[in-house]
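These protein sequence lines are chains X and F, in that order.
For the record, in the first sequence the residue sitting at position 44 is 43 according to numbering that gives the first Met the number 0, with numbers rising by one throughout.
For the record, in the second sequence the residue sitting at position 84 is 83 according to numbering that gives the first Met the number 0, with numbers rising by one throughout.
It should be emphasised that the hints constitute simulated quantities derived from the structure, not laboratory data.
Every residue gets a Cβ at the ideal spot worked out from N, C-alpha and C, and that includes glycine.
Heads up, a few of these hints could be off.
Unchecked claim - Derived, one-sided and incomplete: chain F residues facing chain X with beta-carbon distance under 8 Å:
(1) 23
(2) 30
(3) 33
(4) 65
Chain by chain, the residues run as shown.
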Amino acid sequence: MKLVVTICLVMLVIAGALGVARIVRRSTLGDRAVAFDMLTSVLTCALLVSAGYLQDGLLLDLAIVLGLLGFIASVTIARFIEARNGTQS
Amino acid sequence: MNDVMTAIRDVVSAVLMLSGSLLAVISSIGIHRLGSTRARMHATTKPATLGVLLCGVGAVVQFADVSDIAKVLVVVILQLVGAPIGAHMLGRAVGGK
């Protein structure tokens, strides 16, 4: 089980690193918002895997907060892009 | 008997967690290789729901406590409701190009 969790976490770290590289690289705001959305879901996955391995309920509280934060962040960025483009609806 | 149950639980949980993590890696590769913003959203939004669902079910298999299972349920439902709404708003904001 330890080996499996290690493999999972390594894969999630690789995914997170690629997402951060996408955000840091020169790209548009929409691309960054998409990458940030992916980053929060990767972090939620990592927290769930760690919580399952450690049998720790505290990490699940963090996962709840992170899911809510990612949702609010992507909605806010979307509203901001809409307002900046002058296509409010 | 107990050892067999633990082994079955570990195998089920390992398969679910590994497939969830693999989906995350695939989405992060797609975010670099696909051409337009909407194509990238196509690569990221499906693992956002399915990957978290798989990892959550894989964690639930390990838990013995009901309150922990309820918390995972909250996480998964939040993701299942929130991710499509956020992706829809982003897709509308990015524009139909």
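Index of numbered hints that the structure contradicts, given in increasing order: 3, 4
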